[in-house]
Amino acid sequence: MSEARPVARISFQEELDELELALRAEGELVLRSLRGAVEAVCSQDHELADEVIAFDDDIDDQYFEVEQGVELLLARQTPVASDLRLVLALLKDNLHLERMGDLCVTIAKLTKLTKGLPTDPDLLEGFKEMGERAEQMIRVALRSLQERDRVAAESLLELDELIDRANRRVVNRLLEIGHDLERREWGLRMILVSRCLERIGDHAVDVGEQTAYLVTGEFREFTDASH
Amino acid sequence: MVTMADQQVTTIEPMSLADIAQEHSDEAYKNREAVFEVKDLAVDYSGATAIREVSLDVYKNSVTAFIGPSGCGKSTFIRCFNRMNDLVPGAHVHGDVLYHGKDLYGDDVDPVEVRRRIGMVFQKPNPFPKSIYDNIAFGPRVLGLKGSLDERVERALRQSALWDEVNTRLKESALGLSGGQQQRLCIARCLAVEPDVILMDEPASALDPISTTRIEDLMHDLKREYTIVIVTHNMQQAARVADMTAFFSVDVAPDGNKRTGILVEYDRTSKIFTTPADKRTEDYVTGRFG
Amino acid sequence: MSRSLKGGLFRLALLFSLGVGFLMLGTLLVDVFKDGLPYLDKTLLTNPPSVDPEIAGARPAIIATLYLGGLLLLFTVPIGVFTAIYLEEYADKTRWYNRLLEINIQNLAAVPSIVYGILGLAFLVRGLGLGRVLLAGAMILTLLVLPTVIIASREALRAVPDSIRQGAYALGATQWQVVSRQVLPAAIPGIATGSILSLSRAIGETAPLIMIGAVTYIAFDPTILGPFTALPIQIYQYVRLPQDEFKLLAAACIILLLGILLTLNAFAIWIRNRYRRTW
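Protein chains in written order, with our numbering: chain A, 1 to 227; chain B, 1 to 290; chain C, 1 to 279.
What the hints contain is simulated information worked out from the structure, not anything from laboratory work. Hints may contain errors.
[Unchecked claim] Reference listing, derived: stretches of chain B covered by chain A, where coverage requires no fewer than 3 residues with Cβ under 8 Å from a Cβ of chain A:
1) 205 to 217
2) 235 to 246
3) 265 to 276
C-beta atoms are modelled at their ideal positions from N, C-alpha and C, and glycine is treated no differently.
Given the sequences, and given the hints that come with them, work out the whole structure.
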């Protein structure tokens, strides 16, 4: 958020500020959804999983509000320069947040599908760790946007590396328990859960990329696809 | 048992954007009070019709913009609201213009009283060749308004965001002000008689971009207390400031000679600039035609 | 012929025209001053005319001219300005009688002054029974000068931009308020200039005054309702007298008359310049 109060176009600035605020609110909703989803997986709590699925409607509502707000702002205010980059960044971040919400729903659905199946405590520990990482990444991403902090945005890359490593540990663990027929089905589903968490991390990195674009004016992927 | 409610960590209110959307929604506008109701209005000058078949309502405490190509009669139309067309010889107004439910053109209506309640700011700033103080004081003086003149002048200048710039030189000639300041002076002059409605006929078209922005910010402030109607040939300006926008166009008779203005579409500004109902409106706002 | 040569010749022609005018005027002025300056003294101003050139003066003529000027101002300005206001601000210009009025005012301004003299003789002196008095002279000069004052006032009123009127109307002013508080004050410099210039023209008029019977020789101070003479007439009389000194006295009177006219014109220009900057 900009520090100095602008002298002119006050209503326009207010609309921009409110749009950013709405996006941040959406971020908070996604964080809640993530925590709920991870908790549901780790404690095999199917009622919580149901709540997470239902809660996604709130995220979708907020997504729609932001989308409409951007459309209106573009039509009415014809923003240019950094204002335009901000609006475009908000548009894309909105999409990333909504996708994160959908991934949490997927996790919750997978949890429901594995009702009654035996679990592995190490894996659950791994998910808890990945969940915390993902949560941290979302927070850093949102804060870097708020403070227009390019360095913080770029630090998301390192955090993503941690999630990736955790994901690899999960996969290795699953290979270890793979011969156990009873836990195999549960294991296969859990690979998808791990994948979802890793994807959430990727989306957070994308949000960081938008922040860097906003600040520098050029769009760059933080890393190339071969990484 | 753990629930979603336990996951809440902060308390940001996510609904402020929805409030804005609500403001622009249909229900909000249907319930607003109409300051003007225009029914089937037509204006002709000595027989030549300038504009016809116009019907719309202007809502209280909103900014309503009239846009359209040149010659579509929007200036003629706005001048119907304060009976300035009375001053043009040969001008005839047909149809009804209701102001708070009362016929503006009724036999018992005094045009002078109309113009006190419904003020006007013109395209080219027209300060009187007098001092700044006398410019603002002119309205209250000719209308015989009671109360301290000094207070009225100060209040009007503060409302039009000009006080800080001129309070040390109120006795100097108004013609020494810059264009943007002169226009704000004209707005202050209008405000000094405590109108209900302010009409603005292309108020910023003669000004530089910075002055234009200041006038637009002013409109945003003023609409809290007054109802504002503006004519503008700058579409983006209408998009920025107006709550409701009316698009006028020129209807050319088959023989190519008679050109009359008509109302094409009147709706919330957000709708006009995102999904206009009429193709002519779409062509105009996208700059393709008109 | 090359372009620069044409340009040069044109400039030369302009300078020539300027030169001719100034040269003639200059010669006249020099001649008059040469003759008249020695005789421009207190006696001229304080003494009445006399057969003796040593003590002859032009006092009655000067006083009469001043009276005429004052009365003229008193009559022409209100009538002229109000007529102009009516024609410019109130009259519906599409009506036939207003258009007729307009054409006639232009015509009246072009009527020779002697015709006004005859008019005055017939209607004022004889018809109304006023007699050959100063008041009649003032009235006839008023008629003579009125069209010019009306035209000048109209121009001054027209020069006030319509945007001023529109702005005043839009604030809720009545037509009378718009005219009296905005248009008229703004037009006053133009009106004043026009009036003073018309006045200075009238002061130099001789023919109408002679027609209504201004006498060429009075030795007492004139009154409004009494017989009178005026400076131009006095000059005319002195020039016709046989003695050479009288001719020189006439020259002195001419200088006096020119002085009055010049002062009036300078005053008009000063007013115009002083108020010009408000636009």
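The hints, checked one at a time:
Requiring three or more residues with a Cβ within less than 8 Å of a Cβ of chain A, the coverage given for the stretch 205 to 217 of chain B holds, as 5 such residues are present. Closer than 8 Å: that is the beta-carbon criterion, and the stretch 235 to 246 of chain B has 3 residues meeting it against chain A, so the requirement of 3 holds. Using a Cβ-Cβ cut-off of 8 Å, 4 residues of the stretch 265 to 276 of chain B lie near chain A, which meets the minimum of three, so the contact claim holds.
When held up to the earlier numbered hints, the structure conflicts with none and fits them all.
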